[in-house]
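*Asks:* Top line first, the protein sequences correspond to chains F and D. Mapping to numbering that gives the first Met the number 0: the first sequence position 22 is 21, numbers consecutive. Mapping to numbering that gives the first Met the number 0: the second sequence position 47 is 46, numbers consecutive.
Hints are computed from structural coordinates only; laboratory data are not their basis.
Simulated pairs of lysine to aspartate or glutamate, DMTMM-like, Cα-Cα distance not exceeding 25 Å:
| hint | chain 1 | residue 1 | chain 2 | residue 2 |
| --- | --- | --- | --- | --- |
| 1 | D | Lys23 | F | Glu334 |
| 2 | F | Lys367 | F | Asp352 |
| 3 | D | Lys81 | F | Asp352 |
| 4 | F | Lys240 | D | Glu83 |
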Amino acid sequence: MEKTFLGFKRADGSVGIRNYVLIIPAQGNLRMLAQKICDFVPDTKTTYFPWEIGRSKADREVMARTFIGLGSNPNVSSVLVLGIEGAGFDELKADRIRKGIANTGKRTELLIFGKDENIFNAMEKSIKIVRELVLDASSERRKPFGLESLAIGVKCGYSDTTSGISGNPVVGKVFDEIVSHGGKAYFSESPEIIGGEHIVTKRAKNKEVADKLIAAAKGFEDKALSVGEDIRAINPMPANKEAGISTLEEKTLGAIMKSGSSVIEDVLEYAQIPQKSGLYFIDTTPICELYIGLAAAGAQLMLFQVGTNAITLNLKPDGSGGIVMPISYFTGNKETYEKQQDNFDFNSGPLFDNIDQIDEYRNGLLDKILDLCSGTKTKVETAAAYQERIELYLQDPVF
Amino acid sequence: MEKGYSQEKIIILHLKDNVGIIKKDVNKGEKIVIEEEKFKNTIEVREKIPYRFKIALKDIHAGDEIIKSGELIGRAKEEITKGEMVHVHNIEGLRGRGDLKVKNKETL
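So here's chain F without its partners, still in its complex pose:
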């Protein structure tokens, strides 16, 4: 029987698994206004980004692309962009952002405030519009769609030796299913392909993609070398070493398993949206920047594959890091699952003892993903009302 999920059809053909109204403050000065709107009106999200002041042109371009990418994400029903008259760098003009998002065909409103405004009348004008957007969004209904409408990202963290055996390989198999049915899948974490370039380049669509993969890994390795940094002090982390991972190459091999065996279509820059279906690699760091990177590239959901039980997860069950993109934790380590069932959606721990059952776990994880896409909240989504400050992949110094 054909596997399906229930989602919201968008004008550009993409399918949302959630239905948010997104408020984008194009200048940092408007962040507070945006947050106050979200305090009043439910089912809204906003982009709590770093300041654009002092950033290089290249980084401002990344910020603009990220705003547009998030607004374009299929989980967003409509957008309100806020700007200040005459203010803002060219890259980050409110109207430019609005136009970029409006290309997807979704409703994108614009409010520009002039010199006679203050935050209180700005709130009044904004909230009036956003209430209407939220009301309209609430009248949209989910419809059934197949695997070809899925766009799923993955990150692996707190890796231990179970990650490469009973954790990541399950995601890899699920990705193979999704891609073979015409859906999109994303993986990333450029420093973690160091030592495994020969494995990923074999699966690159062509030489150009292979070269980009090597450049992505080399970029990070060079950064470490240029500052005389022993990458072993940062990666693997202490938590990885305490759990049995001894070298970066070993961690890399386990990490690559999460990408499955499909052809790697392309290497995407941060917040670049791929048009065709297939498996994509996003060139960015393994940490928080990646959550937004995935959301801005069109991912509906991020899988976070956890290895060892890290106390940090219990203290920070972070569901808001992707803003409009929910995060789902799962693990291939049965000890981790036992200790953190409140935060985890799926357990493939028993696979470590019985590696032949991998297809059973692939089916289980895929069914869970379809369930989460259809509206069931991820465990950490139930703690995601608090919006954490977001990290972006901005590479240049601040002046």
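With chain F's structure known, arrange chain D on it following the hints.
*Replies:* Just chain D now, kept in the frame of chain F:
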């Protein structure tokens, strides 16, 4: 499992591997007996090794490559006896070694 071997106490991911992964805590003196033709081996555990950590499948000399899952994951820093734990104290990675390059600059 396609290329490897798995039993109660150990997983070996690939024929070329000189390390295996321990599946449940093992103590000094325990024996791991592998009957399977291609992986045939009897390993006496030399020290307590917790689950998820690696064990040497054969004697490894200082400077030898460490192979896991058929791939190079590092190099032995010292002599390792068959049955000993293999981890950061006796092996090192070779990639992203900013510290090595700096040392070389100093000696130039």
